[in-house]
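Trainee: Each chain, letter by letter, is given below.
2 protein chains.
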Amino acid sequence: MTESIAGLTVDSVVTFTKEVTQQDINTFADVTGDHNPLHSNAEYAAKTRFKQPIAHGMFGAGVISAALGTRLAPDSVVVYLGQNLKFRAPVLAGDTITATCTVTAVEAEKSRLGLQTTVTNQDGAEVIIGDAQVMIDEIRS
Amino acid sequence: MTESIAGLTVDSVVTFTKEVTQQDINTFADVTGDHNPLHSNAEYAAKTRFKQPIAHGMFGAGVISAALGTRLAPDSVVVYLGQNLKFRAPVLAGDTITATCTVTAVEAEKSRLGLQTTVTNQDGAEVIIGDAQVMIDEIRS
Numbered sequence: 001m002t003e004s005i006a007g008l009t010v011d012s013v014v015t016f017t018k019e020v021t022q023q024d025i026n027t028f029a030d031v032t033g034d035h036n037p038l039h040s041n042a043e044y045a046a047k048t049r050f051k052q053p054i055a056h057g058m059f060g061a062g063v064i065s066a067a068l069g070t071r072l073a074p075d076s077v078v079v080y081l082g083q084n085l086k087f088r089a090p091v092l093a094g095d096t097i098t099a100t101c102t103v104t105a106v107e108a109e110k111s112r113l114g115l116q117t118t119v120t121n122q123d124g125a126e127v128i129i130g131d132a133q134v135m136i137d138e139i140r141s
Numbered sequence: 001m002t003e004s005i006a007g008l009t010v011d012s013v014v015t016f017t018k019e020v021t022q023q024d025i026n027t028f029a030d031v032t033g034d035h036n037p038l039h040s041n042a043e044y045a046a047k048t049r050f051k052q053p054i055a056h057g058m059f060g061a062g063v064i065s066a067a068l069g070t071r072l073a074p075d076s077v078v079v080y081l082g083q084n085l086k087f088r089a090p091v092l093a094g095d096t097i098t099a100t101c102t103v104t105a106v107e108a109e110k111s112r113l114g115l116q117t118t119v120t121n122q123d124g125a126e127v128i129i130g131d132a133q134v135m136i137d138e139i140r141s
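Chain order of the listed sequences is R and Z.
All residue numbers for the first sequence refer to this note's numbering, where the first residue is 1 and numbers rise by one.
All residue numbers for the second sequence refer to this note's numbering, where the first residue is 1 and numbers rise by one.
Only chain R is shown next, with the shape it has when bound in the complex (with noise of 0.2 Å):
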């Protein structure tokens, strides 16, 4: 028998795709309180190996929240359990980055899932990978 949690089994897929701006980027530093130059400065950024500004790698661990937190059980709650990322690309204002999370592993009789997780950027360069662990819990009334 298929173990499945949510109507999700192995191999199941949810996304979340998002456009960077440099508005969203700065407002990510304010509510964060990560005010980074690298981040907003273009003077400063260009004195470095990403030559202008880049996304905060926390924004785009927040679009894989978004996948998680949106998409993939939206009659359930989701508790977020753990989070492994590695950030590979620098995300620039202006890109569209996508979150894809792929279920690797459930377990039905804990409610919880194991998922592959990867952000993308619109030329399809891996910008994030890494992996998830979530618990999915009932809505009581």
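What the hints contain is simulated information worked out from the structure, not anything from laboratory work.
Hints may be right or wrong, so weigh each one.
Identical copies look the same in the list; a pair holds intra-copy or inter-copy alike.
Result set (SDA-like, lysine to any residue): computed pairs, CA atoms no more than 25 Å apart in a straight line [as the list claims (entries may be wrong)]:
hint	residue 1	residue 2
1	Lys47	Ile136
2	Lys86	Ala45
3	Lys47	Asn84
4	Lys51	Thr9
5	Lys86	Glu126
6	Lys51	Glu126
7	Lys86	Ala105
8	Lys86	Lys110
9	Lys86	Thr21
10	Lys86	Thr15
11	Lys110	Tyr44
12	Lys51	Ala108
13	Lys110	Gly82
Assemble the complex: chain R is given as a structure, and chain Z must be docked to it using the hints.
Mentor: Then chain Z, alone, in the frame of chain R:
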């Protein structure tokens, strides 16, 4: 000889503290696209194990990013290579959370640091545990 990068050696520590408001949480939802109602809707959250709205897990991770991006090596470029996160306890609006990043490994020839990264709340409870990898780059004039 003790290895160091930008004055940092094993056991060097940086911290970043932030109070989390419901407005911050709502803004984080807008900027990432993660509009899961668990983070903003008290009536919905009451039907979950958390009983009240909680911050996105990735919001707490953003405070780690702030510690690394603004406190670790402000006269250098901190390139985020990787971050592993385990979400251990919820962050609520009104909480004050502190990211503590402790250098655990220094690879001077590769300009790389490994760090233990922990986020605690005002009661000392660990809300996130994990580890990070960064590269320290020079600012080019």
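Trainee: In ascending order, which of the hints set out earlier in this document are inconsistent with the structure?
Mentor: 3, 4
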